[in-house]
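Kindly produce the complete structure, drawing on both the sequences and the hints.
From first to last, the protein sequence lines are chains A and B.
For what it's worth, the numbering used here labels the leading residue of the first sequence as 1, then goes sequentially.
For what it's worth, the numbering used here labels the leading residue of the second sequence as 1, then goes sequentially.
Watch out, some of these pointers could steer you wrong.
[Claimed, not checked] If you want the footprint, here are the derived chain A segments under chain B, 3+ residues with CB under 8 Å: (1) 57-64; (2) 85-94; (3) 277-288.
[As the list claims (entries may be wrong)] DSS-like mimics (lysine-lysine), calculated; alpha carbons at most 30 Å apart, straight line: (4) Lys-195(A) x Lys-262(A); (5) Lys-12(B) x Lys-4(A); (6) Lys-224(B) x Lys-4(A); (7) Lys-35(A) x Lys-307(B).
It is worth saying that the hints were derived from the structure and are not from the lab.
For clarity, every value in this text was computed on a predicted model and none was experimentally measured.
Think of the CB as a built atom: it goes at the ideal place given N, C-alpha and C, for glycine as much as any other residue.
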Amino acid sequence: MNVKNPIPVTVLTGFLGSGKTTLLNKILSENHGKKIAVIENEFGEIGVDNDLVVQADEEIFEMNNGCICCTVRGDLIRILNQLLRRKDRFDYILIETTGLADPSPVIQTFFTDDDLREEFSLDGIITTVDAKHVLLHLNSSPECKEQIAFADVILLNKTDLVSASELDELEAKIRAINYQATVYRTQYSQLDIDKVIGIKSFDLDRIGEEQTQAFQFKVHGGALSPATTSFTFKPGIVPQHHHHDSEVGSVGIEMEGALDLKKLNMWISWLLQHRGQDIYRMKGIFNIANNEERFVFQGVHMLFDARADRAWKPGETRFNRVVFIGKKLNREELNNGIKMCLV
Amino acid sequence: MEELENELEILKTNLPDYVTALAWSADDAMLMASDASGNVALIQVGTQQVQIEKVCKDSILTMSASNEQNVVFLSSQDSTWKLLELPGLSLIAEGKTNAWIEQAHWSPDGQHLVFSYGKTLELRNRKGELMHTYSEHDSTLTGLCWRYDSKAFATCCYGSLSIYEIHAQAKRKLPWKTSLISLEWSPDGKFIIAGTQDNAVHIWNAPFRENNDSEMSGYPAKVKCLSFDSKSKFLATNCLSDVVLWKFSGKPPHGQKPVELKGHASPIRQLKFQPNGKLLITGDALGFLLFWIPDLKRELYSGARLKGEISAIQWSNNTLYVAAATSEGEIVLMESPE
Chain A
1 MNVKNPIPVT VLTGFLGSGK TTLLNKILSE NHGKKIAVIE NEFGEIGVDN
51 DLVVQADEEI FEMNNGCICC TVRGDLIRIL NQLLRRKDRF DYILIETTGL
101 ADPSPVIQTF FTDDDLREEF SLDGIITTVD AKHVLLHLNS SPECKEQIAF
151 ADVILLNKTD LVSASELDEL EAKIRAINYQ ATVYRTQYSQ LDIDKVIGIK
201 SFDLDRIGEE QTQAFQFKVH GGALSPATTS FTFKPGIVPQ HHHHDSEVGS
251 VGIEMEGALD LKKLNMWISW LLQHRGQDIY RMKGIFNIAN NEERFVFQGV
301 HMLFDARADR AWKPGETRFN RVVFIGKKLN REELNNGIKM CLV
Chain B
1 MEELENELEI LKTNLPDYVT ALAWSADDAM LMASDASGNV ALIQVGTQQV
51 QIEKVCKDSI LTMSASNEQN VVFLSSQDST WKLLELPGLS LIAEGKTNAW
101 IEQAHWSPDG QHLVFSYGKT LELRNRKGEL MHTYSEHDST LTGLCWRYDS
151 KAFATCCYGS LSIYEIHAQA KRKLPWKTSL ISLEWSPDGK FIIAGTQDNA
201 VHIWNAPFRE NNDSEMSGYP AKVKCLSFDS KSKFLATNCL SDVVLWKFSG
251 KPPHGQKPVE LKGHASPIRQ LKFQPNGKLL ITGDALGFLL FWIPDLKREL
301 YSGARLKGEI SAIQWSNNTL YVAAATSEGE IVLMESPE
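Here is the structure:
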């Protein structure tokens, strides 16, 4: 079998009129030398010469008797497998979702389908936000919040149509939902495309300075089994007073001390089984007792991947730092859960 | 195991791109291979002459040749289709749809062609003229097969199996809430089998109605390949690098342990029983081809090793020949070992 590099995939989300198609056209028109295939669910005015645009009907399939983490996009499985049937394969895949799409089935498709997991690597979730109109949707549309919550990069677009103070207020609201995403303030989706493609947000190697032996887990309905892995983490200031009830939001926890791996495993299994439906994404670093390496992880709903990362440096303060993004997050429960795992 | 690679091989040739399908002309005089760049190789079995024609602008998705008349149907990634007459590929009919045509099959008697794009099915006659459009499906159709008597066909998609009696234009829908990804109707007409995205094989028994079905689970991966032998005694399925063989004796194999045929070292990509014969050929991701006689429960012959993964296999109608092709564009034409 030929060893092929996985093809990176970027998912573009955002409400209608927020600048998704403008961003898509900008990526396609850049002189990047990549052969790109675009899968879009809405008819957009996409100008492409050498690339392929595939129209797809969004088809949400429930697998494994409706397990939420196994809700996938059947159309993507079919189309992407078809695109692999060529000698000269595409270098990059862009998936443009509908304005009202929940991003989780798209993401889960790449975690749960064996063929796609082997051939493609999820690069990042990019969400465009219309600075002028997003507040109209933010309180009324769960999808709008989900698109912001799942994002690795958020383009706060149409910044010329609102005042500086309105922008600050809006960015604060976005960060209350998802404070780990990188936010760019833009007009007409104008920014360097290397800020949105090739960002490797789901790639654990990105933060690992050296490849180390993996302990890899995939938690699915409570069962631990080997799986592939990916993770990204952006160190930064962790807000300390976020307690969102039914709201979509972020909870950041930072704690010193070493964790007992067995206890941690049990707690994560419990957490994913009982709270996985409400946890959109999670990422973090753990300090495991009697382990010289950092333990990095990420998860989407009940799908959880983790492995050992680089060794802690001599003199480096060992810490546990976790970010949860989701709805009905109980900061106290999460904090106590980790605390209970301390040695 | 006998090494028969050189003995069996009649011809090896190449297309520029991934071979997407193989088909035989009704008289078995010509083998056709289509690729992902829109080319068709026309291989004359008698003279072994090879001619390559650029037939479509984009990748050819499906190619289906009639068993009864020398015509071939092709669909392309630009959502167009063509019905061509052999041997010269002269155009009989053509059309454009609003989605990729991913399933296309001639009825065994060669009188009808059915193809699907998205949630829509079209039934056409031998001249390519539209007879009926069916567009009431819940999701994109992922499997299509005819009954032996050419009077009915079945389709599958996420959530259901549908059976169509073509003259009555009647449809029967049998819900099953999972993603069905491959479909086969047993030659005796008694069973319809679907492979699923959830790593299982689902079986509907005649008379086809709700609650007259069963499922074989426990596969470690999706079941994409299904093939019945001509007597409907064995159903061969892919199970990573093994063939899992279910024995049917007029009834589904409930409670039986399947036979596992081990011989491949990489995942099986294609498998196909000889029509009117007892041989099974399998092809894997490393390009190996193996022949089996299921009753012997072991690999019989090593067929060949090709470059790339096996992307298509097709027996000739008279079962004297078998062709295989790969993701690297290689095509081999072989004599049947039995």
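Results for each hint:
{"no.": "1", "hint": "57-64", "verdict": "holds (count 6)"}
{"no.": "2", "hint": "85-94", "verdict": "holds (count 4)"}
{"no.": "3", "hint": "277-288", "verdict": "violated (count 0)"}
{"no.": "4", "hint": "Lys-195(A) x Lys-262(A)", "verdict": "violated (38 Å)"}
{"no.": "5", "hint": "Lys-12(B) x Lys-4(A)", "verdict": "holds (26 Å)"}
{"no.": "6", "hint": "Lys-224(B) x Lys-4(A)", "verdict": "holds (22 Å)"}
{"no.": "7", "hint": "Lys-35(A) x Lys-307(B)", "verdict": "holds (25 Å)"}
In this structure, the hints that do not hold are numbers 3, 4, in rising order.
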